[in-house]
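Visitor: Sequence:
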Amino acid sequence: MDTHLSLSVIEIIVLMLGAITLGVTIHFFISSRRSLSASMLNIEGTKSTAELTEWKLRYFNDTEDRDKLIIELKQKLADAEENAGIFSIEADEMRKLNKKLKAELEEGVQEKNTSSKNFYTEQLRLAQKDLLEHNAKINQLLSQIEIVKESEEQQQQIMKMNEELSDKVSDLEQKVLQKEEEIGQIRKKEHLTTEMSSIIDSTYNEFNTLQDKIKKLEAQANNSRNISLDFDDLKEEHYKLSSDMDELKLKWNASVAENLQLRNTLTETEDKLKEANFQRQQLQKRVAYLEDLNEDFQTITEVNKKLEGQMKKIGELESMLNIVAEERDHLARKHG
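Using the numbering used here, the first residue of the sequence shown is number 1, and each one after it goes up by one.
Hints may contain errors.
[Unchecked claim] Straight-line Cα separation of at most 35 Å, DSBU-like style, residue types lysine-lysine; simulated pairs:
no., residue 1, residue 2
1, Lys68, Lys160
2, Lys175, Lys216
3, Lys272, Lys251
4, Lys285, Lys272
5, Lys175, Lys240
6, Lys175, Lys249
7, Lys213, Lys249
8, Lys76, Lys160
[Said to hold, decoys possible] Simulated restraints, written as ranges between beta carbons of each label pair:
no., residue 1, residue 2, range
9, Met311, Glu270, 56 to 62 Å
10, Leu260, Glu295, 50 to 56 Å
11, Leu57, Lys235, 27 to 33 Å
12, Asp171, Glu206, 34 to 40 Å
13, Glu153, Asn253, 55 to 61 Å
14, Ile86, Glu54, 24 to 30 Å
15, Gln174, Gln281, 56 to 62 Å
16, Lys175, Thr265, 39 to 45 Å
These are calculated hints, taken from the structure and not from any lab test.
Since the structure is predicted, the reported quantities are computational estimates derived from the model, not experimental observations.
We put the beta carbon where it would ideally sit given N, CA and C, even for glycine.
Build the full structure now, drawing on both the sequences and the hints.
Guide: Structure below.
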């Protein structure tokens, strides 16, 4: 009986595709976790809206590609389970055939000659070998199916992680909005902090320099014990600078309050100056009016003087006329 247990080319291709799909799934899962962790680090390190939008688009594209891959994997899993069922049926049939061959060999062992015994023994050995290979492939396929199921569980975990990431993205968006509001408020207050900004910047630079020195000294402290004293001195200096910075902040707040008070005083002074200018203009108008009156008065005085001179002349003329009239009357009396 010339029967062999072997897999067809299509079944071998299906097994190879299942193995390749499994490898791609594992690689994609690892790379997606790395990309997600890297993306989270990038989002925590950036505070701008443009980078957040770009990350969201990339995240949604990755999610869409991952959903498509999940659908394909589910389809391949269904095909693999169907093939596994077919392979199990074939394995049962081959086991039955193997038992039948063994029974036939036991029944015909006395009737067959040496050559037929060797032939059937060789056929039985080949059948057992093919059956073992087939069983090994079936077990491998079943293990691959279990791995695919595990990948589905991992995919569900990825979906949960995606939901958590979506929540984190929403929180980050709210934080970005809050930061933008804070930046807007800070920009509104920039015109009040011009005088103290240089001092605070220099203090912050010194503070950052000391922090860098402290970090370097912390790194070198494991190799040298003598640096501990300098480190303590730097800590004290850092504390002093922190207290100085607090004092500068208090002075800055006091200067801001004084600036506001000076601005209020300046506003009141400007109002008083406007009122004084208005009163000065009114006084100037009155002075001009009085000057005009004085000029008119001087003109009237000059006219009065001229009139007085003319009145004197008129009085002299009247006296002369009276004298002439008296002489005329006297002459008239003499002739009468």
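Visitor: Let me make sure I understand: some of the numbered hints might not hold for this structure. Which ones are they, in numerical order?
Guide: 11, 14
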